[in-house]
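J.: Using the sequences and the hints, build the whole thing.
Below are the chains, spelled out letter by letter.
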Amino acid sequence: MTDQVREILKWYAGQNPGTLTNLARILNHGKLGGTGKLVILPVDQGFEHGPARSFAKNPDGYDPRYHYRLAIESGCNAYAAPLGALEAGAAEFAGEIPLILKVNNNELLSGSTDPCPAITASVDDALRLGCCAIGYTMYPGSPLFRAMYENLHQLAEEAKSAGLAVVVWSYPRGGKLEKEDETSLNVIAYAAHLACQLGAHIVKVKFPAAHISALDKETYKIYDEIINQHVKVANPIDRIRHVTTAAFNGRRIVIFSGGPAKGDDKVFEEIKAIRDGGGFGSIIGRNSFQRPWNKAIEFLGTVMDLYLGKNVERGGENA
Amino acid sequence: MTDQVREILKWYAGQNPGTLTNLARILNHGKLGGTGKLVILPVDQGFEHGPARSFAKNPDGYDPRYHYRLAIESGCNAYAAPLGALEAGAAEFAGEIPLILKVNNNELLSGSTDPCPAITASVDDALRLGCCAIGYTMYPGSPLFRAMYENLHQLAEEAKSAGLAVVVWSYPRGGKLEKEDETSLNVIAYAAHLACQLGAHIVKVKFPAAHISALDKETYKIYDEIINQHVKVANPIDRIRHVTTAAFNGRRIVIFSGGPAKGDDKVFEEIKAIRDGGGFGSIIGRNSFQRPWNKAIEFLGTVMDLYLGKNVERGGENA
Amino acid sequence: MTDQVREILKWYAGQNPGTLTNLARILNHGKLGGTGKLVILPVDQGFEHGPARSFAKNPDGYDPRYHYRLAIESGCNAYAAPLGALEAGAAEFAGEIPLILKVNNNELLSGSTDPCPAITASVDDALRLGCCAIGYTMYPGSPLFRAMYENLHQLAEEAKSAGLAVVVWSYPRGGKLEKEDETSLNVIAYAAHLACQLGAHIVKVKFPAAHISALDKETYKIYDEIINQHVKVANPIDRIRHVTTAAFNGRRIVIFSGGPAKGDDKVFEEIKAIRDGGGFGSIIGRNSFQRPWNKAIEFLGTVMDLYLGKNVERGGENA
Amino acid sequence: MTDQVREILKWYAGQNPGTLTNLARILNHGKLGGTGKLVILPVDQGFEHGPARSFAKNPDGYDPRYHYRLAIESGCNAYAAPLGALEAGAAEFAGEIPLILKVNNNELLSGSTDPCPAITASVDDALRLGCCAIGYTMYPGSPLFRAMYENLHQLAEEAKSAGLAVVVWSYPRGGKLEKEDETSLNVIAYAAHLACQLGAHIVKVKFPAAHISALDKETYKIYDEIINQHVKVANPIDRIRHVTTAAFNGRRIVIFSGGPAKGDDKVFEEIKAIRDGGGFGSIIGRNSFQRPWNKAIEFLGTVMDLYLGKNVERGGENA
Amino acid sequence: MTDQVREILKWYAGQNPGTLTNLARILNHGKLGGTGKLVILPVDQGFEHGPARSFAKNPDGYDPRYHYRLAIESGCNAYAAPLGALEAGAAEFAGEIPLILKVNNNELLSGSTDPCPAITASVDDALRLGCCAIGYTMYPGSPLFRAMYENLHQLAEEAKSAGLAVVVWSYPRGGKLEKEDETSLNVIAYAAHLACQLGAHIVKVKFPAAHISALDKETYKIYDEIINQHVKVANPIDRIRHVTTAAFNGRRIVIFSGGPAKGDDKVFEEIKAIRDGGGFGSIIGRNSFQRPWNKAIEFLGTVMDLYLGKNVERGGENA
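Residue numbers (this note's numbering), protein chains in the order written: chain C, 1 to 319; chain R, 1 to 319; chain X, 1 to 319; chain B, 1 to 319; chain V, 1 to 319.
Hints in this document: simulated from the structure, not taken from any laboratory. Be aware that a few hints might be false.
Derived DEER-like restraints, expressed as beta-carbon distance ranges [unchecked claim]:
| id | chain 1 | residue 1 | chain 2 | residue 2 | range |
| --- | --- | --- | --- | --- | --- |
| 1 | C | Ala94 | X | Ala13 | 43 to 49 Å |
| 2 | C | Ile72 | R | Lys262 | 43 to 49 Å |
| 3 | V | Glu180 | B | Ile297 | 38 to 44 Å |
| 4 | C | Arg6 | B | Leu127 | 47 to 53 Å |
What the simulated footprint calls covered on chain R by chain X, stretch by stretch (three residues with Cβ under 8 Å from a Cβ of chain X suffice, anywhere in the stretch; the number is not a length) [unchecked claim]:
| id | region |
| --- | --- |
| 5 | 103-109 |
| 6 | 121-135 |
By construction, the Cβ of each residue, glycine as well, lies at the ideal position given by its N, Cα and C atoms.
T.: What follows is the structure, encoded as structure tokens:
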């Protein structure tokens with residue numbers, strides 16, 4: 001057990017030993033094992049966006065086992081997926097990588113404007129499949145926030161009681177939120193804080209943009225008057241620091257999503273900001289599994305090297 | 001145990017031995033037993049469309065025992081029906097054919113535009129009636145998708161825990177979906193994928209049409225740019241291959257529905273495409289039980305022969 | 001045990017012995033005991049239409065014990081009523097007549113246009129009161145059909161598990177159904193079929209009118225093209241035969257309601273059609289308890305004589 | 001045990017001995033103990049109308065113990081109040097008077113037009129506080145009638161099973177009901193009947209006005225044609241008789257509410273009509289606790305004397 | 001055990017010894033321990049208003065442990081916070097201060113106009129974290145009042161059964177209530193009464209303004225006619241007395257919130273009115289943790305000295 005992991009586990013003092021054990025399993029696995037940094041491979045895009053939009057670019061990804069292998073071979077800390085995809089490899093790859101069962105999922109076909117995922121798996125499913133954690137998506141700002149928070153609480157309470165960890169995807173969306181609000185620095189910071197308050201062990205938010213939402217005037221004033229003296233909103237490192245600070249002053253594991261596929265240079269810039277701003281890592285889906293195996297391994301390797309502080313020069317496909 | 005069935009069961013590794021046993025029972029029963037192909041007789045049209053519209057053409061079908069006999073005599077792998085119809089013959093035909101209890105059903109009278117079936121049977125019902133599986137219909141795209149997915153998950157979790165298999169009818173319908181969207185290739189592929197992600201063991205979708213829905217622009221672009229290079233959308237074999245690929249790269253049993261009664265030649269063409277495109281079989285209701293007993297036996301025999309790869313020349317009534 | 005009852009019980013093979021016992025109790029009680037025909041006295045009009053509209057014409061009916069006595073003295077097979085009315089005599093008349101507890105009820109005051117009764121009693125209530133069956137009203141066609149079917153399933157599952165029988169009042173109403181649709185032959189046949197599919201042991205529908213609803217064009221076409229060749233829609237005997245055929249080809253007990261009070265000759269004509277069309281009996285409420293005791297006894301006696309095939313000449317009050 | 005109480009308990013034959021015991025406790029307590037007549041003190045106005053509107057006129061009433069004392073000293077049969085108020089004195093006054101826990105309550109602030117009280121206490125609460133009964137308010141006619149009836153059934157079933165009695169406040173309100181309908185003779189009679197059908201042991205309705213609601217034309221016709229021959233609607237004694245008749249022909253305990261404070265002469269007139277029309281008593285809240293202690297004791301004493309048939313001349317404040 | 005605390009506990013006679021014990025723990029802790037007065041530190045603003053708006057002014061507050069320390073060092077009676085914040089220090093500070101788990105919370109992003117918090121923690125959470133009480137916010141007047149009252153009842157019943165105390169934040173809001181109504185004297189008095197009726201042990205309301213809401217005309221008349229003779233609405237001490245009187249005549253612990261940060265002189269004036277009007281203390285969040293540590297300690301010290309009756313002259317920052 002490294003000092004970094006030991007230190008992180010202290011922040012979760014009072015949680016069941018089972019939960020601490022599962023957090024440690026995730027933190028200690030893979031290429032970043034023991035560093036306190038994480039890279040997680042999530043593959044729920046098939047459910048959320050449809051199979052072709054997710055896997056046609058790299059058709060090997062139609063097979064759920066591909067993603068198990070990719071997560072294992074690239075040295076990710078954990079692999080996260082919905083029930084069906086996990087079931088399709090849980091026996092074959094039992095014990096090879098920490099698993100996170102995504103217990104709720106949205107779909108694209110219904111095109112609901114008040115987002116609220118369906119609960120598609122249970123804590124018992126997670127236990128029978130050998131998972132270390134459950135993963136849950138919530139959309140703060142949605143008119144259906146009550147249902148989402150209450151379901152999260154119930155599932156998280158049951159998961160913690162069973163010694164599992166709880167990973168929360170916190171994506172503000174819906175209601176009065178405009179597209180631009182969704183990645184505003186203040187909204188992302190609030191989203192991270194909400195996940196922490198709801199008892200998440202690991203929080204995933206989007207990379208915050210250099211924008212302050214004016215949705216709530218009091219909040220806007222605070223950013224205008226106070227925050228800008230300490231936090232250079234234009235500086236991505238400062239923005240990451242602000243978000244991790246909002247997550248119990250850096251005492252909760254906050255990781256950031258890569259979002260839609262984009263130029264690798266852009267991704268690597270973001271990773272450096274996450275690393276230097278006190279973030280704990282990345283959750284990278286489409287940006288990895290939508291490119292061929294070798295490119296994906298290389299890409300994820302670069303990301304991990306960045307987190308390891310290596311001076312990376314080999315770059316990605318846009319390099 | 002044939003190699004084909006042994007291979008298929010491997011895809012479900014990690015499921016309870018009870019569930020594997022029931023899957024094997026279905027795969028090993030009837031004329032196609034052991035081939036890895038399936039033909040299932042479903043009779044829920046009485047519930048869904050009314051008795052006269054379903055049975056007046058062949059009034060013997062008013063008696064639920066007729067369908068038990070038809071499924072048994074024709075050599076189907078399984079017989080699927082709602083609670084009442086199964087109860088009406090479960091004792092008399094106990095042990096003669098694997099049964100699938102349809103646990104939810106829609107009705108025509110209410111003419112609901114946001115489709116969501118009522119839950120009309122339970123896992124306990126399935127167990128007391130000696131069934132091998134539960135059957136569940138969901139309508140991706142409906143505004144009520146959350147309720148349907150959540151109910152499916154709960155019933156499927158309970159069924160799996162009790163050693164039953166789970167068969168999902170996945171029919172996109174409602175919300176923003178136009179009639180044409182419902183059988184579009186991309187929508188059918190998504191529907192098959194969703195059922196897999198929700199943990200179905202056997203997935204039933206409609207035969208995909210040579211049409212791409214433009215409902216989601218990103219998806220449409222993918223089909224336009226990438227899919228068409230590999231998949232000839234105009235070719236039914238390619239379409240079937242695309243759908244089974246979307247179902248965990250062919251590692252989930254996907255079967256196709258016959259839809260409304262039509263010319264037999266048309267049906268046989270579809271069966272050949274299913275067979276040659278990697279599909280696992282058909283679920284044929286109205287096309288069989290709405291014709292007289294002898295014609296139905298002959299028709300189903302032809303369908304099964306096609307799946308057995310026989311050079312069929314005797315044709316059906318339109319031949 | 002007569003052959004007729006033994007034959008009927010066979011149709012329910014597979015049900016718990018407790019349920020078969022309670023079905024037999026109902027079939028073997030009263031003047032029609034053992035004939036396979038039934039006349040049931042239902043008194044829920046006080047709840048559904050108010051006490052004055054129900055009992056002012058024959059004020060003895062305000063006392064719930066009156067209906068117990070009427071059902072017993074007239075030789076009915078069973079007495080059906082809501083919780084409060086049954087509780088008011090269950091101890092005094094314990095063991096004197098099979099009881100059916102109406103577990104859901106509507107009311108008139110709220111004037112709801114989307115009909116859905118409230119659940120007002122439980123299976124445990126039925127057991128503690130010594131009932132043979134629960135009775136449940138559903139309104140196919142109502143936008144609230146899901147709730148009604150799901151509640152029915154849950155209550156019926158519990159009732160069957162406890163060895164009770166399940167009686168379903170199936171009254172299409174609400175949604176797109178016009179008044180005329182509610183008693184259309186095709187709609188009544190569908191209603192009877194739905195109750196069977198939902199697992200009812202005894203189905204109660206309204207007497208079908210010589211009218212085909214055009215609500216569903218496909219169904220209308222079927223009736224126009226096929227049914228009319230076999231079923232003379234204008235002939236009430238044919239209509240009854242069509243409805244009982246829709247109820248699992250006559251293998252479920254279907255009884256018919258008398259509806260609002262009308263001339264006795266009209267009622268007796270209907271009874272003869274029910275008898276000669278393969279119906280199993282009548283459920284007669286207002287037509288009996290809203291006339292004085294002696295008249296009611298005489299009237300019900302005539303009805304039962306008709307079912308016994310006697311040449312009835314004494315007639316009723318309109319005779 | 002007096003003959004009157006023994007007779008009343010017979011009407012509830014079949015109920016658990018525990019429930020009969022608690023009914024007897026209420027009937028045998030206080031100044032009217034053993035007479036078969038009841039006066040109950042209810043104090044839920046603080047919850048329903050706010051504390052100042054309820055207690056400012058007689059500020060001693062702000063203390064919940066005041067009402068315990070008033071009910072005890074005046075010789076009421078029972079004291080009814082919401083959870084918090086009962087908790088505030090249940091230990092201090094344990095065993096001194098039968099208690100009725102109001103398990104649901106409305107509030108004024110939300111001004112809901114579709115009335116449906118919140119459930120604010122449980123049967124377990126009633127048991128731990130030593131209550132003899134639960135009290136429940138329902139609003140027949142409200143669009144939310146289903147929820148209210150179903151909740152009542154569930155709570156009543158649990159209460160009866162635990163040996164408690166069930167008191168139902170049945171107040172038609174909401175939906176299509178106009179203010180005038182709420183106290184119409186036919187509507188009040190229907191309300192009393194509904195409570196009986198739902199299994200209430202004691203029913204509380206408002207004093208019926210000399211008005212027939214025409215909401216339901218069939219019902220109106222009945223009153224116009226039949227009832228008026230027997231019941232003089234203008235005569236309050238006849239109206240009370242009609243309401244108690246609607247309550248299982250007088251075999252359920254029906255009591256009447258005093259409504260808002262009014263002249264004592266008017267109240268005493270109503271009491272006499274209740275007494276002479278076969279009513280079982282009164283539930284008097286604001287009219288008692290909103291006047292000073294001595295006046296309240298005197299007023300309630302007069303009311304009880306009237307029920308005892310004494311020739312009362314001392315009158316109330318308006319005398 | 002002081003006489004003051006012993007006296008207060010008597011008001012809760014009949015509650016479980018466990019609940020009395022936890023009430024005593026809160027009353028006996030900190031600088032005001034044993035006096036019957038309380039100051040509680042609540043920190044749920046991060047959840048409700050976002051982290052920056054809550055903590056940017058004094059960034060030490062981003063760390064949940066800061067608030068534990070502040071509550072402990074300043075000598076508060078208890079510390080109240082949502083699940084995540086409590087979990088973040090419950091092990092480190094175990095046994096150092098009575099904890100109140102806020103079991104429901106609102107959020108700002110959704111901007112719901114019909115306020116109803118999400119339930120975000122359970123009684124089991126409170127027990128595993130070593131809390132003395134649960135805290136619950138309700139919004140009387142909201143169209144969702146039923147859900148809030150029913151959830152409160154269920155959680156409170158479970159908490160009391162487990163020996164915990166129940167603290168209710170009662171904030172009228174939503175529905176027909178205008179901003180000005182929310183702090184009107186009559187509305188605040190009603191809010192306090194409702195919390196008592198729902199079984200709260202400790203009630204928190206806002207400091208009442210010198211305004212009478214005319215929302216309910218009957219109530220307005222009462223205040224105009226009667227209350228103003230006894231209560232000088234313009235006098236804050238009289239207003240506090242009126243509110244505590246509405247809370248079971250002063251026999252329930254009512255504390256008042258500080259509201260948004262304001263001049264210290266204003267706060268101290270309010271504290272004196274609370275103290276002299278029979279209030280039991282304050283719950284002070286933003287006014288304390290949004291100023292630097294030393295200032296906060298000094299400020300809270302002054303507040304407590306005021307409750308101790310000391311002649312305070314050192315004042316706050318505005319002094």
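J.: For each hint, tell me whether it holds in the structure or not.
T.: Comparing the hints with the structure gives:
no.	hint	in the structure
1	C:Ala94 <-> X:Ala13: 43 to 49 Å	holds, 45 Å
2	C:Ile72 <-> R:Lys262: 43 to 49 Å	holds, 48 Å
3	V:Glu180 <-> B:Ile297: 38 to 44 Å	holds, 42 Å
4	C:Arg6 <-> B:Leu127: 47 to 53 Å	holds, 51 Å
5	103-109	holds (count 4)
6	121-135	holds (count 5)
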